[in-house]
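Q: Make the full structure from the sequences, and use the hints.
There are 2 protein chains.
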Amino acid sequence: MEKKEIEAEIITIGDEILIGQVIDTNSAYIATLLNLNGISVKQISSVSDNREHIIKSLDEAQQRADIILMTGGLGPTKDDITKKTLCEYFNTSMRFDEQAYKDIEAIFAAYGKEVTPINRLQAEVPEICITIRNHNGTAPGMWFEYQGKIIVSMPGVPYEMKAMMKNQILPKLKEQYKLPSIVHKTILTQGIGESYLADLIAEWENDLTTDNIKLAYLPSPGMVRLRLSAKGNNAEKLNLLVDQKIEDLKKIISEFIYGYETFGEPSETLEQIIGRLLKEKKQTLSTAESCTGGYIAHLITKVPGASEYYVGSVISYSYGIKETELDVPKEIIETKGAVSQPVVEQMAKAIRGKYKTDYSIAASGIAGPGGSTPDKPVGTVWIAIATSETIISEKFLFGTNRERNIQKTANAALNMLRKELEK
Amino acid sequence: MEKKEIEAEIITIGDEILIGQVIDTNSAYIATLLNLNGISVKQISSVSDNREHIIKSLDEAQQRADIILMTGGLGPTKDDITKKTLCEYFNTSMRFDEQAYKDIEAIFAAYGKEVTPINRLQAEVPEICITIRNHNGTAPGMWFEYQGKIIVSMPGVPYEMKAMMKNQILPKLKEQYKLPSIVHKTILTQGIGESYLADLIAEWENDLTTDNIKLAYLPSPGMVRLRLSAKGNNAEKLNLLVDQKIEDLKKIISEFIYGYETFGEPSETLEQIIGRLLKEKKQTLSTAESCTGGYIAHLITKVPGASEYYVGSVISYSYGIKETELDVPKEIIETKGAVSQPVVEQMAKAIRGKYKTDYSIAASGIAGPGGSTPDKPVGTVWIAIATSETIISEKFLFGTNRERNIQKTANAALNMLRKELEK
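Chains as they are written, first to last, in this note's numbering: chain A, 1 to 423; chain B, 1 to 423.
Hints listed in this document are in silico derivations from the structure and should not be mistaken for laboratory results.
All values derive from a computational prediction rather than experimental measurement.
Be a bit skeptical, because a hint or two may be false.
No copy is singled out in the list; a pair is fine if it fits within one copy or between any two copies.
As the list claims (entries may be wrong) - Taking lysine-lysine and the BS3-like style, the derived pairs with C-alpha atoms no more than 25 Å apart in a straight line are:
1) Lys214 with Lys56
2) Lys84 with Lys214
3) Lys102 with Lys376
4) Lys423 with Lys102
5) Lys162 with Lys356
6) Lys56 with Lys237
7) Lys354 with Lys330
8) Lys356 with Lys330
9) Lys376 with Lys113
10) Lys376 with Lys302
11) Lys84 with Lys395
12) Lys56 with Lys149
13) Lys395 with Lys113
14) Lys281 with Lys423
15) Lys423 with Lys395
16) Lys279 with Lys395
17) Lys250 with Lys231
18) Lys251 with Lys423
A: So this is what it looks like as structure tokens:
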């Protein structure tokens with residue numbers, strides 16, 4: 001088979017998603033895998049364990065897509081009706097699959113148990129399907145070829161589905177279709193909002209259309225990820241083209257770029273970048289936090305192996321602790337306020353000296369909702385970085401939401417340190 | 001309007017979900033909120049930022065449901081086309097919404113910035129819609145009434161959507177439809193796993209069926225929430241019935257229950273309970289953290305007004321800081337290990353004295369993946385609480401996942417303090 005673009009749809013069956021009890025992570029997994037391999041996903045639908053509804057959604061999906069991947073509704077209980085419905089949909093009858101039964105027996109044997117009658121029924125599959133073995137559970141997968149389309153039914157248990165999808169379904173799809181090359185690269189930015197970014201790069205963005213490259217803005221507090229996608233027949237050429245666009249972009253917004261992400265490969269977070277750089281330099285870090293209340297330390301210590309470079313922190317939430325533990329003169333707090341350049345610089349200097357580290361981060365701000373003054377609204381934050389040579393500090397004005405102010409402060413602080421480490 | 005069962009559909013718009021880069025958590029939030037208020041969700045669909053596709057999915061959804069809730073595609077950038085498509089779908093033109101513009105100005109003003117031309121366009125909405133104010137972002141929501149159906153478009157940014165959905169859309173839906181009475185009460189437990197809990201309360205759970213009460217287990221690291229749901233016409237009777245079931249449950253698992261949650265009212269988290277109790281007692285708290293690396297402090301300081309009772313913390317990530325800042329004798333670390341009862345008790349005692357607080361929390365453990373010894377596997381954690389009268393400490397054995405170990409430790413520590421405060 002050859003076709004300009006191969007499109008798939010995903011249908012998840014079951015009430016758990018529709019009542020909001022379960023977040024649909026299966027679809028994201030399948031969609032990632034398909035997109036990485038040049039199959040685009042047209043629609044994802046979650047439908048109920050209901051015969052008419054399943055049939056309707058299959059009909060609709062077939063009008064749009066070449067491939068339909070279904071998950072769920074294959075359990076042994078009465079409310080799971082996917083298999084029966086598929087049998088009816090393809091106007092076929094059930095057959096007993098010996099290999100599927102052997103796989104079910106093996107699963108039960110692993111728990112030292114005999115197959116129950118209800119689970120024996122799971123070895124029955126529609127006559128016309130190719131059975132896909134399930135090595136992690138009792139429900140086999142089913143592969144149908146029907147009116148030029150491929151329809152696959154997989155169990156809904158994530159680790160059963162994932163193994164089946166990756167090791168069996170995807171290779172079979174690659175055999176059937178000549179798939180295009182696809183390149184995704186993501187630029188990670190910090191310190192500029194989505195709309196300012198859009199204004200800055202408007203011209204560059206316009207040029208992307210000429211080369212048929214798609215751009216997506218993916219915002220999170222204090223950060224925006226820019227994803228470039230290109231599709232074609234020559235992977236090498238696509239890579240060069242996208243890399244060139246990234247080089248062009250760097251000329252415009254280099255100061256905001258902290259990293260890149262190649263689709264499919266794990267992305268490096270700011271705290272991971274810092275960890276890597278500190279390990280490379282064999283240097284250490286301490287923090288002194290006020291408004292972030294431990295969140296910067298938490299991000300740093302979420303990274304496995306952080307104890308190699310992270311020594312510790314003083315969280316000086318009260319004025320008193322700033323004075324006694326970080327030697328901030330009471331007089332400065334009284335005249336300049338706790339959220340001020342001299343205070344945050346002293347915090348950074350003190351913790352670096354006290355904890356004997358190469359670098360330190362200090363942050364003091366008004367997370368909100370209380371604590372603002374006429375000249376210092378909620379969202380005002382001072383951040384300082386101390387090194388062996390200097391102390392740099394910067395003032396920020398974030399928003400009014402406490403939790404996001406904490407996140408934005410932490411991201412800005414980590415990015416300031418990254419810039420220092422990369423100098 | 002009155003109808004036997006009101007049904008809704010959710011449509012999420014945007015390529016992020018279809019390429020698998022973003023997991024669709026918005027739909028789960030909306031589905032939960034609707035189901036808890038007596039509106040069932042028929043289908044959830046994720047479609048691309050594509051005019052024809054959005055229109056097709058609206059057509060399909062309208063055939064099945066009374067209410068269509070859409071999220072996403074309302075950003076200021078070119079790839080967001082939801083608003084334009086809705087305008088076309090409803091055969092209407094754009095109008096400039098003054099209130100929406102004021103809200104956009106306010107958001108920009110909070111950052112000390114002027115509205116950009118591209119963001120000014122976000123104040124335009126289709127003529128026939130009722131504008132839903134966005135208090136957290138620049139894209140207003142839009143409420144359409146069309147051929148007896150309600151169609152709502154909301155931004156895709158989760159915290160913007162959530163606030164809009166809960167505070168504006170849901171109340172408006174309740175006005176329009178006569179919904180059944182639904183009572184949901186949630187029992188919050190800490191310190192017992194899902195399957196152990198299920199075994200303990202099996203008999204009680206069986207009895208629920210007789211009264212047509214549904215039970216859901218909602219697990220998160222170290223905690224399980226048990227949600228009871230009853231549907232009917234008499235809210236008062238339903239309330240009494242559910243309360244009686246909770247009284248029965250307390251006889252079985254009272255030691256694990258730390259709180260309750262009534263749907264619609266904000267639930268009190270462990271850190272909020274602690275904050276409330278400390279404020280009531282006018283007492284103070286400090287923390288000394290090792291393996292949790294600031295996460296306990298972060299949870300405590302996420303609560304607005306935490307500065308009233310929370311003084312600060314020493315994060316003693318290295319052995320050295322435990323010795324110099326928390327007076328843990330080097331010899332004890334060498335003989336007993338940093339993850340041991342004497343170390344964690346000394347940490348609690350030292351921080352309480354040094355930071356002059358009424359209570360303190362200390363935690364030391366092996367979050368993993370590294371750092372284990374034959375007698376102390378990954379997941380081994382010691383937690384201590386110091387009060388004016390005593391120091392209590394407890395050993396835990398959590399799992400192998402670093403992030404979950406950090407979360408479980410923090411929750412266990414907060415629960416230990418809660419028990420002390422409630423004595």
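Q: Take the hints in turn and mark each one as holding or not.
A: Hints versus structure:
1. Lys214 with Lys56: between (32 Å within a copy, 23 Å between copies)
2. Lys84 with Lys214: between (41 Å within a copy, 20 Å between copies)
3. Lys102 with Lys376: between (59 Å within a copy, 23 Å between copies)
4. Lys423 with Lys102: Answer is neither; intra-copy 50 Å and inter-copy 43 Å both fail.
5. Lys162 with Lys356: Close neither inside one copy (40 Å) nor across copies (45 Å); limit 25 Å.
6. Lys56 with Lys237: Close neither inside one copy (42 Å) nor across copies (36 Å); limit 25 Å.
7. Lys354 with Lys330: Classified as both: same-chain Cα gap 19 Å, cross-chain 18 Å, threshold 25 Å.
8. Lys356 with Lys330: both (24 Å within a copy, 18 Å between copies)
9. Lys376 with Lys113: between (54 Å within a copy, 16 Å between copies)
10. Lys376 with Lys302: between (32 Å within a copy, 20 Å between copies)
11. Lys84 with Lys395: neither (59 Å within a copy, 39 Å between copies)
12. Lys56 with Lys149: both (16 Å within a copy, 21 Å between copies)
13. Lys395 with Lys113: between (52 Å within a copy, 15 Å between copies)
14. Lys281 with Lys423: within (12 Å within a copy, 50 Å between copies)
15. Lys423 with Lys395: Within one copy, since 21 Å is at most 25 Å while 44 Å is not.
16. Lys279 with Lys395: Classified as neither: same-chain Cα gap 29 Å, cross-chain 32 Å, threshold 25 Å.
17. Lys250 with Lys231: Answer is within: at 22 Å inside a copy they meet the 25 Å cutoff, but 58 Å across does not.
18. Lys251 with Lys423: within (18 Å within a copy, 63 Å between copies)
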